[in-house]
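Protein chains in written order, with the numbering used here: chain A, 1 to 240; chain B, 241 to 353; chain C, 354 to 494.
One should not assume that every hint holds.
[Said to hold, decoys possible] Restricting the straight-line Cα-Cα distance to at most 20 Å, the calculated cross-link-like pairs of lysine to aspartate or glutamate (EDC-like) are:
| # | chain 1 | residue 1 | chain 2 | residue 2 |
| --- | --- | --- | --- | --- |
| 1 | A | K145 | C | D453 |
| 2 | A | K47 | A | D33 |
| 3 | C | K372 | A | E94 |
| 4 | C | K452 | A | D147 |
| 5 | B | K252 | A | D202 |
| 6 | C | K452 | A | D142 |
| 7 | B | K246 | A | D202 |
| 8 | A | K194 | C | D415 |
| 9 | B | K252 | B | D318 |
| 10 | A | K221 | C | D453 |
| 11 | B | K252 | A | D147 |
| 12 | B | K252 | C | D447 |
| 13 | B | K246 | A | E28 |
| 14 | A | K221 | A | D202 |
| 15 | C | K372 | A | E28 |
| 16 | A | K221 | A | D147 |
[To be verified] Which chain A residues stay away from chain C? Per the calculated CB distances, all over 10 Å, these:
| # | residue |
| --- | --- |
| 17 | D32 |
| 18 | A34 |
| 19 | L35 |
| 20 | Q52 |
| 21 | A87 |
| 22 | P99 |
| 23 | L104 |
| 24 | Y150 |
| 25 | I191 |
| 26 | E198 |
| 27 | W237 |
[Stated by the list, open to error] Label pairs and their in silico Cβ distance ranges:
| # | chain 1 | residue 1 | chain 2 | residue 2 | range |
| --- | --- | --- | --- | --- | --- |
| 28 | A | N131 | C | W449 | 57 to 67 Å |
| 29 | C | V406 | B | P278 | 18 to 28 Å |
| 30 | B | T348 | A | R189 | 55 to 65 Å |
| 31 | C | A451 | A | G76 | 43 to 53 Å |
| 32 | C | D415 | B | L347 | 14 to 24 Å |
| 33 | C | L396 | B | A288 | 23 to 33 Å |
| 34 | A | Q120 | C | K452 | 22 to 32 Å |
| 35 | A | A199 | B | R330 | 19 to 29 Å |
| 36 | B | L292 | C | V475 | 55 to 65 Å |
| 37 | A | E51 | B | W253 | 54 to 64 Å |
No lab work stands behind these hints, which were simulated from the structure alone.
Note that the coordinates shown come from a computational prediction; the quantities given were computed from them, not determined experimentally.
Heads up, the beta-carbon is just placed ideally off N, CA and C, and yes, glycines get one too.
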Amino acid sequence: MLFNIQRYQPEAASAQQVGAQNATYWQEMTLDDALVKPGMMLLDALKLLREQDPTLSFRSSCQEGVCGSDAMQVNGRNRLSCITPLAELSQPIELMPVPGLPILRDLIVDMTLFFDRYAQANPTLNAGKFNPDQEHLQSPADRAKLDGLYECILCACCSTSCPSFWWHPDQFLGPAALLAAERVVIDSRDIQPKQRLEALSDPYQLHRCRGIQQCTTSCPKGLDPSRAIRQLKHQQWTQS
Amino acid sequence: MRNLAKIWPNGKWSYAWQQLSAVYLLVFLPWFVWTIWPALMGLDYQPAQPGLLWLTSLIALALLFIHSWIGLRDVVIDYCPARHLPMAIRALSLVFMLMIFNITLLLTRWLLL
Amino acid sequence: MRDLIGGRHARPVHLALYKIRFYPNALVSISHRISGSLLAICLIFGLMLLNAVALGWINTSDITQSVPGKLLILLTLSSLLFHWLSGLRHLIIDWWPAKDHQVPQAWFSGWAVSLVFFLWAVGTLLLALALFTGGFVGGPS
């Protein structure tokens, strides 16, 4: 089984004094077909490849599509390697880090910009002053509105496939953070949805979205950030 | 964002203006072509309701300018490097002011003649 | 803003667009943007020609009867047609009448996207035929 992997080793790059953009290189790697078992995921193959070359670097933690740490670009698409079946990939399997974020090493990117935008969206519920005598009840119908919004694992597959996020990762919140923003705006227990929506009315944070839909098509959890963004844009007018 | 904090319209309003103008132009353009079809075919043509045609066309022109201003501004914001952005936005607004001035001049001249 | 990020981290960033798979909807989106920009350029050109006509430098027939003039008209109308078609689809998606904005996936499918491009191609062909074989202002050329 043939792999084509974009590599970046910062030590080698700085030793050769090449510019940042020229420091990446492609490496072909082959995995013995005898080692490939039915039902194997891409991550399993990567771990076998790392036995051939211990410098090959990638993130992974839970290895079952829950932690969201192993997002990478597989044959042009952003995917989680741990839940991507090897069998459905055409060869050579082309692996790159996710687009638009600074590469730290091989398939590992610096997620700071991504998490900064998440923090900027302020996705924490504000249910008012803490009162131990009062529960914050929610009807089943209101609870159902959160479905499709809370399941995000912050893998960044959506935001890093979004052209608007590529051009403004420091100002446009990106689909993942906007999905989280909508999750609190629509929550019946939150006391400041209007302020949240008003805070998003500048030209950048929410309105850089052009409805390109790359986010929705690349979400490994089947969520629809584009729908959440459409809702936010409409709610800015219906809730103020 | 610091540079564009005061830009008109802001994100929320530009979305509303863009949708409003798009809907108007979406309906207006086919209707306009239908109405002036004889003239396009080179036939002698007098509009049945010249007042209505004038009014709707002027609204369309105004909305066209708003629609293209927001659209082009978005293109510039997306692709222009940040350090040149204030300059690019100023140049774009200058082009638009010139165009609006020019159109007003042409329309006045046409009406007077 | 991209320049800023490269400079601050001095790290490579993968933005090789030819290595990234774009979905059908992204093609309509960027084409909508390109046709819009073309329309703006045509608007400026058209305005310049209108001034020239108003000042008596050229006649309307110089535009409608010459090949460059016809090409400019074709470019304008063809861009307008695409912008109109993709804009219509965009508006339908934006205002889909569902409480939670759940738009059927069919609107984003390759079929829906192909339909936009197909209608545009047919329309442009008809416009070109009309422009270069007669019709429009000034009668047949």
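Verification of the supplied hints:
Simply put, K145(A) and D453(C) have alpha-carbon atoms about 8 Å apart, close enough for the 20 Å limit, and the pair holds. Restraint check for K47(A) and D33(A): satisfied, since their Cα atoms lie roughly 15 Å apart, inside the 20 Å limit. Taking the CA atoms of K372(C) and E94(A), the gap is about 9 Å. The hint holds against a cut of 20 Å. Taken as a hint, the K452(C) and D147(A) pair is honoured in the structure, with Cα atoms around 14 Å apart against an allowance of 20 Å.
Between the alpha carbons of K252(B) and D202(A) the distance comes to roughly 7 Å, so the proposed pair stays at or under 20 Å and holds. Simply put, K452(C) and D142(A) have alpha-carbon atoms about 13 Å apart, close enough for the 20 Å limit, and the pair holds. Distance hint between K246(B) and D202(A) is fulfilled; the C-alpha atoms sit about 9 Å from each other, no more than 20 Å. About 57 Å separates the Cα atoms of K194(A) and D415(C), which puts this hinted pair outside 20 Å; it is violated.
For the suggested pair K252(B) and D318(B), the alpha carbons sit about 17 Å apart, so the restraint of at most 20 Å is met. Simply put, K221(A) and D453(C) have alpha-carbon atoms about 19 Å apart, close enough for the 20 Å limit, and the pair holds. The straight-line distance between the Cα atoms of K252(B) and D147(A) is roughly 26 Å, outside the 20 Å bound, and the hint therefore fails. As the CA atoms of K252(B) and D447(C) are separated by approximately 15 Å, the hinted pair is consistent with the 20 Å bound.
Proximity of K246(B) to E28(A) is assessed by CA-CA distance (about 51 Å); at most 20 Å being required, the pair is judged violated. Taking the CA atoms of K221(A) and D202(A), the gap is near 30 Å; set against the 20 Å cutoff, the hint is violated. Among the hinted pairs, K372(C) with E28(A) is consistent with the structure: their alpha-carbon atoms are about 16 Å apart, no more than 20 Å. In summary, the hint linking K221(A) to D147(A) is supported, as the alpha carbons are separated by about 12 Å, within the 20 Å threshold.
With a cut of 10 Å on Cβ distances, D32(A) stays outside the contact zone with chain C, its closest approach being about 27 Å. At roughly 30 Å, the least C-beta separation between A34(A) and chain C is larger than 10 Å, which holds for a residue marked as non-interface. Here L35(A) stays apart from chain C, with its beta-carbon at least about 27 Å from theirs, past the 10 Å limit. Chain C leaves Q52(A) outside its interface by the beta-carbon criterion, the shortest separation being 23 Å against a cut-off of 10 Å.
The non-interface label for A87(A) is consistent with chain C: the shortest C-beta to C-beta separation is roughly 19 Å, beyond 10 Å. The Cβ of P99(A) does not lie farther than 10 Å from every Cβ of chain C; its closest approach is about 5 Å, which violates its non-interface assignment. Against the 10 Å criterion, L104(A) falls within the reach of chain C, whose nearest CB is about 7 Å from its own CB. With a closest Cβ-Cβ approach of about 14 Å to chain C, Y150(A) is found to remain outside the 10 Å limit, as its non-interface label requires.
No beta-carbon of chain C is positioned within 10 Å of the beta-carbon of I191(A); the least distance is around 22 Å. Annotated as non-interface, E198(A) keeps its C-beta farther than 10 Å from every C-beta of chain C; the closest such distance is 20 Å. Every CB of chain C lies more than 10 Å from the CB of W237(A), the least distance being 12 Å, so the non-interface label holds. In this structure, N131(A) and W449(C) break the distance hint of 57 to 67 Å, their C-beta atoms being roughly 40 Å apart.
Between V406(C) and P278(B) the beta carbon distance is about 21 Å. The supplied range of 18 to 28 Å therefore holds. The beta-carbon spacing between T348(B) and R189(A), approximately 59 Å, falls within the hinted interval of 55 to 65 Å. At roughly 31 Å, the beta-carbon separation of A451(C) and G76(A) lies outside the given 43 to 53 Å, and the hint is violated. As the Cβ distance of D415(C) to L347(B) is approximately 22 Å, the hint placing it in 14 to 24 Å holds.
Under the hint 23 to 33 Å, the C-beta atoms of L396(C) and A288(B), about 28 Å apart, fit the expected range. Checked against the given bound of 22 to 32 Å, the beta carbons of Q120(A) and K452(C), roughly 28 Å apart, stay inside it. Roughly 27 Å separates the CB atoms of A199(A) and R330(B), a value that falls within the hinted 19 to 29 Å. Distance hint for L292(B) and V475(C): a CB-CB separation of about 31 Å, inconsistent with the stated range 55 to 65 Å.
For E51(A) paired with W253(B), a C-beta distance near 57 Å keeps the hint of 54 to 64 Å intact.
Hint compliance for this structure: hints 8, 11, 13, 14, 22, 23, 28, 31 and 36 are not met, and every other hint is.
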